[in-house]
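**Student:** Protein chains in written order, with this note's numbering: chain A, 114 to 522; chain B, 22 to 148.
Simulated from the structure, these hints should not be mistaken for laboratory data.
Treat the hints with care, since some could be wrong.
[What the hints assert, rightly or not] Stretch by stretch, here's where chain A covers chain B in the computed footprint (C-beta under 8 angstroms, at least three residues): (1) 25–31; (2) 48–60; (3) 78–86.
Beta carbons: idealized from backbone N, C-alpha and C, even for Gly.
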Amino acid sequence: MATTTDTTLDIRGDFPILARQIDGRPIVYLDSGATSQKPEAVLKALDDYYRYHNANIHRSVYLLAQEATELFEGARERIAAFCGGETRTTIFTRNATEAINLVAYAWGRHELAPGDAVLITEMEHHSNIVPWQLATEDTGATLRHLEVSPDGLLSLDQLDEELAKGDVKLVAVAHVSNVLGTINPVAEIVRRAHAAGALVLVDGSQAVPQMPVDVGALGADFYVWTGHKVLGPTGVGVLHGRAEVLESMRPFLGGGDMIAHVDIERSTWNELPWKFEAGTSMIAQAVGLGAAIDYLAAIGMDRVRAHEHTLTEYAMAGLAGVEGVRIVGPAERAGLISFVIDGMHPHDIAELVNRDNVCIRAGHHCAQPLMRRLGIGATARASFGPYNNIADVDALIASLGRAREVFGL
Amino acid sequence: MDDLYRDYILEHYKRPKNFGELDPHDLEAHEHNPLCGDELGVHIRVGDGRVVEELRFHGHGCAISQASASIASEELIGMELDAVATLDADWMLDLLGIPISATRRKCALLSLKAMRAAITGEGSWPE
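Here chain A stands alone, though its shape is the one from the complex (with noise of 0.2 angstroms):
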């Protein structure tokens, strides 16, 4: 079994919320796929910005409005450089979800037509299905996906035969799978994509909080994320796009500040990235975020992933000596373990693991396409943030034991 390293981290102290006790007991949080707990970093930066910051961005002349411009900006700035953008192409919104659905509405709907066809994979979230679904039930494209192999891969011989048909227009892919924990190879998806004259978007929702993400490097005409799952505030997203697309594209949302000049009858279109920016932003939150983003460059990605990786192994191993469990998706993976128990539904086993504070998913994951595919209904899943130690692997899987004890297995 796998034992600490050097590359193992020692942040917990920094969450505050985990120094809370449940009946006397500490919590074991390993839901960081749903959201993150957040450091003592962006709580502080939330509130200084409210205490000594607060005004509306990008208007005012006063100091207030100018600092708030600053922090707002530089935030952007910052997490364009943490990800491997650029700053007038990194655009925030309030989720991944609505990163796509502005993907979807001001690309999608101005760009597919009948005889074209959007391509999605089996493994995506429903925020990468649904949209899709919209868009080309909308605009009579058609929608057709990827399968997912029982281990929890995508074919890229299925994606070339897909390309072949030549009508794909926009391939959508999610980079981390948040059932199976896969890590899709995104890059070539967008080097065989691009060739056959397909933009792709990536979701990289579960993928920015536990590795390094280039999106320069990687390609994708848009990459979108979430701020929650990223040590963040709830209430902002990310999408960086490529340029000229993005230059292409109609506004998402009209309103104050996504314009250059209005007249009573017609408007032009503010620069990038602030035309698709309509109304006052999630000001705090792209701050809270910024200080997050901060806090995950001062200790290094490389590092974060490391140590997730040396918890997933470690788990892996655990999860195996517990009789009846069957783990679901690749051996290797992201910070993630989805799981069912024979004779023990997820539900139930979520039940029981918090009487002893520890917090796991169960159910089906936003993902009931993937669920299908691998005929199950629900599975329990233990995810992993830089916080998490090898104690509370310890205990999922301790707490496991008594668990089917109850249920006399």
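Since chain A is already given, all that's left is putting chain B on it; use the hints.
**Tutor:** Quick look at chain B alone, frame taken from chain A:
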């Protein structure tokens, strides 16, 4: 003894009564819990006097949803259809006899939802 996972709950989960399909059948419904993906189907054969003559349920779900279906099925057989249609959430929760938290309420009520839907054609959550 566990408060929630009592012996009779686990007994119904592991060896559910009236589990399976019923062919031919007169009434059927298929319901699911959108929160967790649990699915439950019901087949009913109607006897003289518009009573539930036979009932089978099928699908997959947690111990709470499967046990509630099993326990309810025993009560429903022999009941008049009109009476089934009026059963409410409290009837089901009292029958289960365990403390059901807000997050598990739909697990407990999925079977009654399906059984009422088979009879009335209307699948609202029992209140």
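**Student:** Confirm or reject each hint.
**Tutor:** So, going through the hints one by one against the coordinates:
| no. | hint | verdict |
| --- | --- | --- |
| 1 | 25–31 | holds (count 3) |
| 2 | 48–60 | holds (count 5) |
| 3 | 78–86 | holds (count 5) |
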